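Please build the complex by placing chain B on the supplied structure of chain A, with the hints as guidance.
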Amino acid sequence: MIEFNHIRKSFDDKIVLEDISHVMETGKCNLIIGSSGSGKTVLQKCLVGLIVPDHGEINYDGSSFLDMEDDARKNLRQQIGMLFQGSALFDSMTVEQNVKFPLDMFASMNHAEKQKRVNEVLERVNLVGANKKYPAEISGGMKKRVGIARAIVLNPKYLFCDEPNSGLDPLTALVIDKLILDITKEFNMTTVINTHDMNSVMEIGENILYLADGKKEWSGTNQEIIFSKNKLLNSFIFASEFLRDAKDMRMLEARGKIDNDRDMDALLK
Amino acid sequence: MGFFTHFGRYLLMLKGLMSRPENMRMYWKEFMHQCVEIGIGSLGIVVLISVFMGAVSAVQTAYQLVSPIIPQSTIAQIVRDTVILEFAPTIVCIVLAGVVGSKIASELGNMRVSEQIDALEIMGINSKAYLVMPKIAASLLTIPLLVILSMALGIWGGRLAGTFSGILPADVYDKGLLESFVPYNVLFAMYKAVTFAFIISSIPAYYGYFVKGGALEIGRSSTKSVVVSCVMILFADYVLAAIFLN
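Chains as they are written, first to last, in the numbering used here: chain A, 1 to 269; chain B, 1001 to 1246.
Okay, chain A solo, but in the shape it has when bound:
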């Protein structure tokens, strides 16, 4: 569980985050949503320590992240995996070397054990056979999956994903979403995802924090979002006519007025 209270951050005179408090729950996909420039990336970078907030506190399972000694923070970071927007794979390394890098750095395993673990996680993200390819030789969706494999190779307790679906086609985006959700459940991780992809919000948003202009505007689940009367949230989530229709359908579906027999697993196959 990651709990943060009264987070405030400004750059020069511009206030980017203003008094944000929320709890990211264990075993759930916790989403931070908001339009571009709403402060969600800055908030996530504050949570992982890449940016120091001006004010506030961040607790990882009760331990204050901002007050930690350097060694304790280093140890905690080994329990954090992160998938970056651009995947942030090391260009000069193959897929296998990228995934193996955290093991080489921190794990006390022999070569065979490391290789076994790398193959396991690559299999888990459906990348069998891509071991010897370089990041430049694989597609955007595959890069994201390598990023996920690298993030989970050390069995982290916390997984951060910065816009995991950006630049992906809708079907690949669904595959990535489902993978993140499955991994979160499988390893009981606290997963924090930055996104403005509405499919992700509706499919995996178990705990959603909506930011608008650096402020916490709304929080709830993907079911609650359908019935929310928050105007800012509704104008952001259901921005198009199509999405407003979809919302109406969902509301009718939730009230038992219509029967929706979509089979997500069949669709993904």
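Read the hints as simulated data drawn from the structure, not as lab findings. Among the hints, erroneous ones may be present.
As the list claims (entries may be wrong) - Quick list of simulated restraints, FRET-style, between CB atoms: (1) A:Leu66 / B:Val1194: 36 to 44 Å; (2) A:His111 / B:Gly1016: 42 to 50 Å; (3) B:Trp1028 / A:Glu203: 41 to 49 Å.
What the hints assert, rightly or not - Here are some of the chain B residues that sit facing chain A, going by a computed Cβ distance under 10 Å: (4) Glu1022; (5) Lys1029; (6) Val1056; (7) Ser1114; (8) Glu1115; (9) Ile1122; (10) Tyr1130; (11) Ala1242.
These numbers come from a predicted model, not from an experiment. Glycine included, each C-beta is placed from N, C-alpha and C at the ideal position.
For chain B alone, kept in the frame of chain A given last:
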């Protein structure tokens, strides 16, 4: 950003390099990789410029020494001393500031912009120590070796040019090389090489590590790092000469 801000941040970066490696074997591997990149990668250009530097030096010295009372072997002495004292350490290092410096700045700049440095930090790795320290250490080892090689090749280039152009016979050149040789000059050249190696690696690393923006900014910071490195090499050249040759 002012000079003192840059200088302060540069010093903080150097302080940040001093931490216990997370895994010594990985740091060693990176150090060896950088030795190959910097040392072997610059070998071709160093060989080329050193030979021509020595050759031009021999021809131009002969052109200026027209007096019959000055022995021909003096040409070899002048070539030897200019190559050892100035050409090999300074000129070669200025060229290396362009070759190695721009490579270091653009590599780190690209890693910064594509969030690879952030990825290392998230993993709990001191990115400054892991990325910058091996580059500086590899430069401190390989650049003095390249300078020694450059000295030998420069002197050999002078001999080659002197013989081919008929300025002086090889045996006279060899005799001149051994006359009035001051071994301290080689030591002084090594002081310079080590100092310049530090400048060539640490200044571009600073510009690359702290780059902000995109491809354009990487190019700008790379160019700026080379310019600043060259100026600092010339400044250090004067300071070292003033300290050690007085």
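Check: In this structure, is the beta-carbon distance linking A:Leu66 and B:Val1194 contained in 36 to 44 Å?
Finding: holds, 41 Å
Notebook entry, point to check: When you take the CB atoms of A:His111 and B:Gly1016, is the distance between them in 42 to 50 Å?
Noted result: violated, 31 Å
Notebook entry, point to check: Holds or violated: is there a CB of chain A closer than 10 Å to the CB of B:Ser1114?
Noted result: Holds, about 6 Å.
Next item on the list: Mind checking the CB of B:Ala1242 against every CB in chain A and telling me if the closest is under 10 Å?
Entry: violated, 41 Å
Item checked: 41 to 49 Å as the expected CB spacing between A:Glu203 and B:Trp1028, which holds or is violated -> Holds, at about 46 Å.
Notebook entry, point to check: Should the interface hint for B:Val1056 be scored as holding, given a Cβ-Cβ cut-off of 10 Å against chain A?
Noted result: This hint is violated: B:Val1056 lies away from chain A, its Cβ roughly 38 Å from the closest one there, beyond 10 Å.
Checklist line | Supplied contact hint for B:Tyr1130, tested at 10 Å Cβ to chain A | finding: This interface hint holds because 9 Å falls under the 10 Å limit.
Item checked: Restraint satisfaction for B:Ile1122 [CB to CB of chain A, less than 10 Å] -> Holds, because the Cβ-Cβ distance from B:Ile1122 to chain A comes to roughly 5 Å (cut-off 10 Å).
Check: Holds or violated: is the Cβ of B:Lys1029 closer than 10 Å to a Cβ in chain A?
Finding: holds, 9 Å
Note to self: Holds or violated: the hint that B:Glu1115 contacts chain A, with Cβ atoms closer than 10 Å.
What the structure shows: holds, 4 Å
Margin query: Interface hint check: B:Glu1022, Cβ to nearest Cβ on chain A, cutoff 10 Å. Holds or violated?
Written below: For B:Glu1022, the interface hint holds, since the closest Cβ of chain A sits about 6 Å away, which is under 10 Å.
Checked against the numbered hints given earlier, this structure breaks hints 2, 6, 11; the rest are met.
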